[in-house]
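S.K.: Here are the chains, one letter per residue:
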Amino acid sequence: MRPTMRPLHALLLIALMAVAGLAAPTFAQAQLTQVPGPSSPTTKEQVPLYVPQDDKVVGRVSIPDEKLAVLVQPEGREWREWRTHTLRLAIGGLAIGMIVVLAAFFLYRGTIRIHGGKAGRLVLRFNWADRFAHWTTAVSFLTMALTGVILTFGRPLLIPLIGHQAFTPLAEYSKSIHNFVSVPFVVGLVMILALWLRDNVPEKADWIWIRTAGGLLSKAGGHHPEAGRFNAGQKMVFWSIVLGGMALAATGYLMMVPFVFTGIGGMQIIHVIHGLLAAALIAAVIGHIYIGTIGMEGAFDAMGCGEVDENWAMEHHRRWYQEQLRKGYVEGRQPAE
Amino acid sequence: MARMKFLCDSERCIECNACVTACKNEHEVPWGINRRRLVTLNDGKPGERSISMACMHCNDPPCAAVCPVDCFLQTADGVVLHSKDLCIGCGYCFYACPFGAPQYPRTTDFGSRGKMDKCTFCAGGPEPDGSVEEYQKYGANRLAEGKLPLCAEMCSTRALMAGDGAILADIYQERSVRRGYGSGAPGWSTAYGRNDRGSPFAPGGPGTGGA
Chain A
1 MRPTMRPLHA LLLIALMAVA GLAAPTFAQA QLTQVPGPSS PTTKEQVPLY VPQDDKVVGR
61 VSIPDEKLAV LVQPEGREWR EWRTHTLRLA IGGLAIGMIV VLAAFFLYRG TIRIHGGKAG
121 RLVLRFNWAD RFAHWTTAVS FLTMALTGVI LTFGRPLLIP LIGHQAFTPL AEYSKSIHNF
181 VSVPFVVGLV MILALWLRDN VPEKADWIWI RTAGGLLSKA GGHHPEAGRF NAGQKMVFWS
241 IVLGGMALAA TGYLMMVPFV FTGIGGMQII HVIHGLLAAA LIAAVIGHIY IGTIGMEGAF
301 DAMGCGEVDE NWAMEHHRRW YQEQLRKGYV EGRQPAE
Chain B
1 MARMKFLCDS ERCIECNACV TACKNEHEVP WGINRRRLVT LNDGKPGERS ISMACMHCND
61 PPCAAVCPVD CFLQTADGVV LHSKDLCIGC GYCFYACPFG APQYPRTTDF GSRGKMDKCT
121 FCAGGPEPDG SVEEYQKYGA NRLAEGKLPL CAEMCSTRAL MAGDGAILAD IYQERSVRRG
181 YGSGAPGWST AYGRNDRGSP FAPGGPGTGG A
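In order, the protein sequence lines correspond to chains A and B.
Quick note: the first sequence, position 89, residue 89 per my numbering, numbers continuous.
Quick note: the second sequence, position 77, residue 77 per my numbering, numbers continuous.
Calculated from the structure, these hints are not laboratory results.
Mixed in with the good hints, there may be bad ones.
Per label pair, the in silico range of CB-to-CB distance [unchecked claim]:
no. : chain 1 : residue 1 : chain 2 : residue 2 : range
1   : B       : 31        : A       : 197       : 37 to 43 Å
2   : A       : 160       : B       : 171       : 40 to 46 Å
3   : B       : 32        : A       : 46        : 42 to 48 Å
4   : A       : 177       : B       : 32        : 56 to 62 Å
5   : B       : 42        : A       : 173       : 54 to 60 Å
6   : B       : 115       : A       : 226       : 57 to 63 Å
7   : A       : 157       : B       : 42        : 46 to 52 Å
8   : A       : 177       : B       : 16        : 44 to 50 Å
9   : A       : 250       : B       : 144       : 45 to 51 Å
10  : B       : 25        : A       : 243       : 33 to 39 Å
11  : A       : 301       : B       : 31        : 56 to 62 Å
12  : B       : 132       : A       : 67        : 29 to 35 Å
13  : A       : 243       : B       : 145       : 37 to 43 Å
Here are the simulated lysine-lysine pairs, DSS-like style, with alpha carbons at most 27 Å apart [claimed, not checked]:
no. : chain 1 : residue 1 : chain 2 : residue 2
14  : B       : 147       : B       : 137
15  : B       : 84        : B       : 115
16  : B       : 147       : A       : 67
17  : B       : 45        : A       : 67
Beyond 12 Å from chain B on every Cβ pair, some chain A residues (computed) [claimed, not checked]:
no. : residue
18  : 46
19  : 71
20  : 78
21  : 84
22  : 215
23  : 300
Bear in mind that the values here come from a model prediction, so they are computed numbers and not experimental data.
Positions of the beta carbon are idealized from the N, C-alpha and C atoms, including for glycine.
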């Protein structure tokens, strides 16, 4: 027998004595954190059942799914309030509010006409790459807006109409389409960023445009603040779509890989950010669609066939028009100089 | 009618995981899904407690409120069930659930997570009681056979109890008086202690058996 075994024997003896000591009731109770004492309940009514609990309780689990170590998360209540009320109010309120404002504006201003009438000469405004980028972004954005709205409002609005059995496949396809269409949306975003970033850098003239509200409210004057290829309003749409769209895509992809980068609290916050951005962008895009179609004569041609009327270009984007004229890009006009 | 509840007496739970294993076995729960789990608080420190947690079958279920396809239902016993035919696996119920009860067969498949699965209080689903479809989708329906959830039946220290909430509360309170202490029923204030807009399952309401 090796001599090193001796201390082990001594340790075992001490351990046995300790166990014997634990068996004595007084010693054992001193080891517990909760012992019967003056505060002990003497009747059943004194035993609490409902203990108020407003903080997250996190422990340890022995299963691989570590997010389940959260025992109770009362924050779910706030998220529920958000999902069932605030989100619907934000999306519906902003969209309907925007439509009301536009309807009032349309009644006041009508379609903004080309003052000098159509010249009949065309100037190329957006080439095929511009239009491809725009319509890729536009179609995928509208698809995601529609499918997102189906998932958000389907339960109160569509289930009473078409029933549970029909709504589930609709919601399921909406969810898949919403996820998959995000890919062309991001491709479109990167394209418009690359194509139009140069023309969307804020400049001094934008300040004048913003101060005069782009001449939108002056009914009779027909005076437009000078603008380059894009005026300040278009630049605002550009930056909202690019920055907002990127943030929507980032939060959306994080929700497609739930709990990979964050826990339950993070997932709830990501969902809130995604919903708020969606509400803001849907409202902004409604305004964008209005001014690009019924709001202004000649505006749709820019993204429709790519060519705009000379007089429209002169009135709305004079600096850009003069540049095109100089380069000889205006149909039927010789290059200046 | 009895209001079915779970009550886990954390002073008695010894973290043996028999409830977890019993649940998995009884319902043939697939790998990766945890209808019931054990969470240990203050692990290795004085005051360590283990609590067995699953769906608490709330009075006013947050999962049912946020579900975009309205797939949840509450039985006359207060048990919260859901229809896997309607579920689209969006994962919203997990965000809203205070207890982390909803589980999904997949985590990431371009946003598709399969049909949600959770504790059914051993009461199956909306399909006819005891049918093959019900067993395949939701596991055994012990309640229809007059039996209580197996996790609680299996518990060797009687820490986890399932059944009529009024009786559970009485047992727990009597126990606490005898041993001299009790820190409350974990999750009860969150699951049953909130005003839930006139539901029969509101605290003390007719559906709760008065507990």
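S.K.: Does the no-contact call for residue 78 of chain A survive, Cβ to all of chain B over 12 Å?
M.R.: violated (10 Å)
S.K.: Taking 33 to 39 Å as the hint, is the beta-carbon distance of residue 25 of chain B and residue 243 of chain A inside that range?
M.R.: Because 52 Å falls outside the window, the suggested range is violated.
S.K.: Is it true that the C-beta distance of residue 157 of chain A to residue 42 of chain B lies inside 46 to 52 Å, as the hint says?
M.R.: The hint (46 to 52 Å, Cβ to Cβ) holds, given that residue 157 of chain A and residue 42 of chain B are roughly 48 Å apart.
S.K.: Has the given pair, residue 45 of chain B with residue 67 of chain A, been kept, meaning a C-alpha gap of at most 27 Å?
M.R.: holds (21 Å)
S.K.: Has the hinted range 56 to 62 Å been met by the Cβ atoms of residue 177 of chain A and residue 32 of chain B?
M.R.: violated (27 Å)
S.K.: Does the Cβ distance between residue 132 of chain B and residue 67 of chain A fall inside 29 to 35 Å?
M.R.: Holds, at about 33 Å.
S.K.: Does the alpha-carbon distance linking residue 147 of chain B and residue 137 of chain B stay inside the 27 Å limit?
M.R.: Satisfied, since the Cα-Cα distance of roughly 19 Å is no more than 27 Å.
S.K.: Would you mind confirming whether the straight-line C-alpha gap from residue 84 of chain B to residue 115 of chain B stays at or under 27 Å?
M.R.: Given pair residue 84 of chain B, residue 115 of chain B holds - Cα atoms ~6 Å apart, limit 27 Å.
S.K.: Determine whether the Cβ-Cβ distance between residue 31 of chain B and residue 197 of chain A falls within the hinted range of 37 to 43 Å.
M.R.: violated (49 Å)
S.K.: Does residue 71 of chain A sit more than 12 Å from chain B, CB to CB?
M.R.: Given that some Cβ of chain B is not farther than 12 Å from that of residue 71 of chain A, nearest at about 4 Å, it is violated.
S.K.: Can we confirm that no CB of chain B comes within 12 Å of the CB of residue 300 of chain A?
M.R.: holds (35 Å)
S.K.: For residue 215 of chain A, is the shortest CB-to-CB distance to chain B above 12 Å, so the non-interface label stands?
M.R.: holds (44 Å)
Hints 1, 4, 5, 10, 13, 16, 18, 19, 20 and 21 from the list above are not met by this structure, while the remaining hints are.
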